[in-house]
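K.L.:
Chain S is already provided as a structure; the job is to place chain A on it using the hints.
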Amino acid sequence: MKNITYTISVYAENNVGLLNRISAIFLKRHINLESFSTSASEIPDVFRFVIVVNTDADRVRKIVQQIEKQVDVIKAFYHTDEETIFQENALYKVKSSSLFEERHIQNIIKSSHATIVTVSPEFFVIELTGFREETEQLRKDLTPYGLLQFVRSGRISVTKAKMGISEILNTFKNTK
Amino acid sequence: MEIKTKKKSMTNHDNSIRISGAEAVIRCLLEEGADLVYGYPGGAIMPIYDELYKYQDKLHHVLTRHEQGAAHSAQGFARTSGKVGVAMATSGPGATNLVTGIADAQIDSTPMVCITGQVASHLLGSDAFQETDIIGISTPVTKWNYQVTKASEIPEIMAKAFYIARTGRPGPVLIDITKDAQFDSLDFSYKKCIGIRSYTPTAKLSNKSIEEALELINQAKKPFVVWGQGVILGNAENELKTFLEKSGIPAAWTILGLSALPTNHPMNRGMVGMHGNYAPNILTNECDLLIAIGMRFDDRVTGDLNTYAKQAKIIHLELDPAEVNKNVDVDVALISDCKISLQELNKKIKTKVYPNWIKRFDDLDKIEYDKVIKHDLHPKKEGLTMGESIEMINKYSKNDAIIVTDVGQHQMVACRYAKFSRTKSNVTSGGLGTMGFALPAAIGAKMGAPRREVVAVIGDGGYQMTIQELGTIFQQQIAVKIVVLNNDFLGMVRQWQQLFFDKRYASTEMVNPDFVTIAKGFRIKAKRVEKRDDLETAISEMINSKEPFFLEICVEKEDNVFPMIPSGASVSDIRLE
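From first to last, the protein sequence lines stand for chains S and A. Residue numbering for the first sequence is 9 to 184, as defined by my numbering. Residue numbering for the second sequence is 336 to 912, as defined by my numbering.
Looking at chain S on its own, in the form it has when it is part of the complex:
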């Protein structure tokens, strides 16, 4: 089976330790994570984990079964890139002098649609949101001008299909 990128979305209670529990599922199977991010979800008190892995269809299905088995997990899904809308966010810190000395750098910023977040006498910071290839290209383009720092977030994504988490929670409320 072919390895491809899967985005795993997990809706869960915000309990200390759940992060460990979920990462242990990957550790036990010796699977490396491409990225992992957590945030609030559209439902109050429900957290959302977005995990990106490169693996095959069989393994991702089994991993998601194991994640969903955890007591504090409400529901877990996995999707291919085609089934999701996803973005990453990157920050680039560059010497201020290069902004003025190297005219070319302004063209790079403009053509990449990056935005300038802050400027100080010593450095400036630009931000770019987009696909991995886009943030990666900008990193490569800026490197010759003295990239002081670079950081990229994990993938965040929403699915094209409906998730139905509120329905699950309502069913629980009504049967209780």
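These are calculated hints, taken from the structure and not from any lab test. Don't be surprised by glycine CBs; every beta carbon is placed ideally from N, CA and C. One or more hints might be untrue.
[As the list claims (entries may be wrong)] Covered stretches of chain A, going by a simulated chain S footprint (3 or more residues, C-beta under 8 Å): (1) 532-543; (2) 589-602; (3) 645-658.
[Stated by the list, open to error] Restraint-style ranges between C-beta atoms, simulated for each label pair: (4) A:L459 / S:N115: 49 to 55 Å; (5) A:K526 / S:D64: 42 to 48 Å; (6) S:I51 / A:R353: 23 to 29 Å; (7) A:R786 / S:A169: 54 to 60 Å.
P.N.:
For chain A alone, kept in the frame of chain S given last:
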């Protein structure tokens, strides 16, 4: 409930009472019907032990000699009583010593609640004395765990712990309670947990899958059932029996499914797996329909997955959705409690017989009897065999003992030859294969079924891993019968060395102590048998004893357990010699 400490307690207007976190722990246990705990005290759990002292007429605490013993005892108790076992330990080493038992309970789906003390919350993360991150350590081997840092959390968390441990696929839960949370007070009132929104213990069975399963069963010419512990955990023994009797389908068990159906039931065709019976293993690869009930296709059952039952359609009755299509892809999955699934199947199943198919089992059984069983049970050689020892235990316990086994050759032989009339009678470490399990588990097994005869069958290796629990047995006067089948070897490893490592017996020969003297040192009645002529009298004396009794049986040193599916081979490549 009347309690000794009532005078101290103040009743609030909402019917709650003001008590300490430590007392709340005890009252939660009593609310959950847990009146027996196994444990070992220490600094960080002393407030709870202080309350145990006050409640000792309501809650019996068994002081084991090691925390691992407490965990295995709680497991043994859970396995024979069907209730949640409870183990307690202090922080740091106390907590880490529980971990083997917790891991064993996790893989064998045993309901257990472990309570550990923890350093005071202001010391967390400071590397304080006996501080260890037991939540981090136990996470991969618990069904759920939680660290309590406030007394007010205790009732809700304890209620959740018991609910999670016993519902759905049972498993171990660990609750770590900081010392300040034990000392602080709270307004106590108890509500049992009836549901958790993120947790579905039992899925709703789909009618469509029942119809599909019935269709496959109706078409089958050579159907075969393999059941596991799910039948016992789901209290589905009667449903299984009805299903087999009506459908006429021959059935075999995994090691943890043993005793769900009486040994002498005509549909019971023995054990599957690495040292299972010849017929059910071979015929796994001949059947046209495999019905797996409450089992998880462990590698010791399936051997090589690429050649496992490839010719058959497969129906899987399973509670845990994560087990479906995990190791073996199935045609129809009945995801629910197997008791419910079997009840639904039983409503519509047709009465049938499969005489030719059954004859295949009979024929292969005869081959196994001639090649293996005859020599195990009625040996012509001088040395005693493990098999004849088990057969003698069957005779004197009238096939009705609870047999607790450790891990290794003796375990395989006991599971092959022990005879059972009642369910919940086989207690062994299946998934984890924990040597040292049997002696402490037997303590719990006896306390979980006090009127039953409990015989622990242990090898000389595993016995010495938790031998200190003889102290617990004596102190509590638990009338377990302990049989050590002594071959002065780590027999199973030695067998593998003989077969697969050119007889290089690396570190498997044991120079053993005088086990009888040791047992006597613990003031337990003890005997040793070296000759066949003495076996019957000794076992008869042991079974008739009202007290704990230790019996060492010196067996042939270099016997092997057969049949055997070599590791990684196909079930149909099972070897008889």
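K.L.:
Check the following: the C-beta atoms of I51 of chain S and R353 of chain A are separated by a distance inside 23 to 29 Å.
P.N.:
36 Å, violated
K.L.:
I want to verify a distance hint. Is the separation of the beta carbons of K526 of chain A and D64 of chain S within 42 to 48 Å?
P.N.:
With Cβ atoms ~45 Å apart, the hint holds.
K.L.:
Within 49 to 55 Å: is that where the Cβ-Cβ distance between L459 of chain A and N115 of chain S falls?
P.N.:
At roughly 53 Å between Cβ atoms, N115 of chain S and L459 of chain A fall inside 49 to 55 Å, so the hint holds.
K.L.:
Please check whether the segment 589-602 of chain A has three or more residues whose CB lies within less than 8 Å of a CB on chain S.
P.N.:
Since 0 is below three, the answer is violated.
K.L.:
Closer than 8 Å, Cβ to Cβ, for at least three residues: run that test on the segment 532-543 of chain A against chain S and report holds or violated.
P.N.:
holds (count 3)
K.L.:
Given the hint of 54 to 60 Å, is the C-beta distance from R786 of chain A to A169 of chain S inside that range or not?
P.N.:
57 Å, holds
K.L.:
Cut-off 8 Å, C-beta pairs, minimum 3 residues; does the coverage of the segment 645-658 of chain A by chain S stand?
P.N.:
holds (count 3)
Hints 2, 6 from the earlier list are contradicted by this structure; the remaining hints agree with it.
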